[in-house]
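Undergrad: What follows is the residue order along each chain.
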Amino acid sequence: MKDGSLIALVALGAFHGLNPGMGWLFAVARGLQERSRALVLQSLPAIAAGHAGSVFVVAVIVTLTGSVLTSRVVSIAGGVVLVGFGLWRLLSSRHFRWVGMRLSLWQLAGWSFLMSSAHGAGLMLLPVLTHGSIPVPHAHSHGITGGAGDAVSAAIFVTIVHTLAMLTVAGIIAVLVYEVVGLTILRRAWFNLDRLWAAALIAAGATTLLLAT
Amino acid sequence: MALWKPDPTFYPSPRDAVNAPPETLAYIVAFDRAAEKPDAIAVIDVDEESASYGSVVGWTDLPYTGDELHHFGWNACSSALCPYAPHPHIERRYLVVPGLRSSRIYVVDVKDDPAKPTIVKILEADELAKRAGYSRPHTVHCGPEGLYVSALGGANGSDGPGGIALLDHTSFDVLGRWEVDRGPQYLAYDFWWHIAHDVVVTSEWGTPSMIEDGVDADLLLGREYGHALHFWDLRKRRHVQRVDLGDEHQMVLELRPAHDPTRTYGFAGVVVNVEDLSASVWVWYREGKEFKVRKVITIPAEPAETGDLPPVIAPFGAVPPLVTDIDLSVDDRYLYVSCWGTGELKRYDVSDPFHPVEAGSVRIGGIVNRTPHPSAPDRPLAGGPQMVEVSRDGKRVYVTNSLYGAWDDQFYPDGVGAWMAKVDSGDDFTFDPRFFPNGDDFRGLRPHQTRLQGGDASSDSYCYP
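Quick mapping for you: the protein sequence lines, in order, are chains A and B.
Position one of the first sequence corresponds to residue 1 (the UniProt record's numbering), numbered consecutively onward.
Position one of the second sequence corresponds to residue 1 (the UniProt record's numbering), numbered consecutively onward.
Keep in mind that the hints are not guaranteed to be accurate.
[To be verified] When the alpha-carbon atoms are kept at most 25 Å apart in a straight line, the in silico SDA-like pairs for lysine to any residue are as follows:
1. B:236 / A:114
2. B:395 / A:117
3. B:130 / B:91
4. B:292 / A:97
5. B:295 / B:236
6. B:289 / A:106
7. B:37 / B:115
8. B:289 / B:242
9. B:5 / A:187
10. B:5 / A:202
11. B:130 / A:117
12. B:292 / B:362
13. B:395 / B:20
14. B:236 / A:202
15. B:236 / A:106
16. B:395 / B:443
17. B:121 / A:97
18. B:295 / B:274
19. B:5 / A:106
20. B:5 / A:11
21. B:111 / B:185
22. B:395 / B:93
23. B:111 / A:209
Just so you know, the hints here were simulated from the structure itself, not pulled from any lab data.
Please work from the sequences and hints to get the whole structure.
TA: Pasting the structure below:
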């Protein structure tokens, strides 16, 4: 795998982990509600699992499609979808809706899956998925080719690397905020990541398109 | 337009919100009882350093007449920081102002000129009727799925049930009826929630036919006004439990849940006990999975000469306190209780919610007493402390004097007048002699609920302790 792709995968994971909307804030809230650090720590894997599920769905669709179509077609179609989705995120004032604080860990994972999906977390990985030359067992030296088994393996690899990065960053922030910093930080430091996020989606789509031509 | 940083008036927790800066403007809805002039929103200067402190500095007239503005609320508040659907980069800039009689809902923008809000949207009664099946919109709260608006009446020819309508919090369109399963609930009035516990609480007054022509003695003595609390699942929108306070406790109005999101208790005010004319305050609390209630404050009626009483209560020979509004400070320490009949505002220390301790009282107006304001000691006042609003830091308490058009006329038949007062709440509990907008300051309109710029003790809910 190209170093650049791996770095991109980890960086995007970190970016997703950083976003309060992606779950660390929910973990902190659950902990504060019961005055329990254990609950913060228990919540994080459930949130990561939901995120991983959302990313995996996109990854497996892209890699499987890539195993039957030329990567150029996948890149162009994916890139167009991504730019469109990013523009919609940027221009729409709608936001993800959900009601309810009292969730089981399963429900929390479900929440995270929906939250990540609604924000197109997996889509953001498109450039890596289409041009990343992901190393999978028995893969050819240039990119995702071969059978469906290889495609699924590639998707699993991408999901794991990305999610580990996401979980690490989210976990560090959650514990720091819970133990040390306090939530007042939200008032000062909660930048509108949604806009940055939308820009990242558009950039990812544009990158995919550029690399395809 | 979205902000880059969270709206500065949003606070994660009530502990943070009490450090909010003092408000500089207050918004008061004021209505014309005769429905000849338009109702209006009055803007009062509450900046103690300002030259125009305590006076009306702006007006926004509505385009229609006969709305009877009553309660209102913000488009967004601290609940935008809640972790499950955070959207803190929207602005608190619109007041959502229902007309209790007309069933119109106005959306008013206070951003560009805070002293002269502009109307940006009008929802007509038929939109609320068509989409939600409700009329007589009342309480507005900003919450997780949008704006929640309680309504006293049914629509399309039916008197009830009243309930909650959901409004989109960006377009303000009526999305529909909130309840999926309303169980035995029929009467409606106020609502709020324990947002971190997914619990909604609603209270009961009466349907439009029971209230719009004044309090009906037969209904009252027949114990047919509301006397129960309802608890709901906020996520599933289902009725969970009805708790009856006893049918002698007529009209369960304002609900003030603890601001601390880890707690599941709150206070409800009851206007009158038909057995002895006393008023009461109840605490609800969760025990296991059940909600229970307990009466924690009883305020007795005050004996009076029959000749001093209006016809509606003359046979009883006493003035009922008529607790028509209560308000809980953001730190959950003090509960303020309006006695609109006797003309008294009481402060209770509710640090232990089950054992309130009276911690101050001021008298103003009252059916019999007609206590003047300290700044005009020779002028007897009609009306009593009614809507009460508390600043986020808990230091300033504002009261206005009108209850509800038809009821004002019954209890203060010689005219309820119009005034607003401010009480400083610290170690002492006393009127601010510099603050007394009254009479013509309100252009002949009757002032009702107050909302403070940036939020107040009854506007915001918090997801973090």
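Undergrad: The structure should be examined with respect to each hint, and the outcome stated for every one.
TA: Tested hints:
1. B:236 / A:114: holds, 18 Å
2. B:395 / A:117: It is violated: about 46 Å lies between the C-alpha atoms, which goes past 25 Å.
3. B:130 / B:91: Status violated; Cα separation ~29 Å.
4. B:292 / A:97: violated, 31 Å
5. B:295 / B:236: Distance ~29 Å between residue 295 (chain B) and residue 236 (chain B) Cα, so the pair is violated.
6. B:289 / A:106: holds, 22 Å
7. B:37 / B:115: holds, 21 Å
8. B:289 / B:242: holds, 13 Å
9. B:5 / A:187: holds, 7 Å
10. B:5 / A:202: holds, 22 Å
11. B:130 / A:117: Judged against 25 Å, a Cα distance of about 34 Å means the pair is violated.
12. B:292 / B:362: violated, 31 Å
13. B:395 / B:20: holds, 11 Å
14. B:236 / A:202: violated, 36 Å
15. B:236 / A:106: Holds, at about 17 Å.
16. B:395 / B:443: violated, 29 Å
17. B:121 / A:97: holds, 23 Å
18. B:295 / B:274: holds, 16 Å
19. B:5 / A:106: Between residue 5 (chain B) and residue 106 (chain A) the Cα gap is close to 32 Å, so the pair fails against 25 Å, i.e. violated.
20. B:5 / A:11: holds, 23 Å
21. B:111 / B:185: violated, 38 Å
22. B:395 / B:93: holds, 24 Å
23. B:111 / A:209: violated, 42 Å
The structure fails hints 2, 3, 4, 5, 11, 12, 14, 16, 19, 21 and 23 (numbered hints given earlier, in ascending order).
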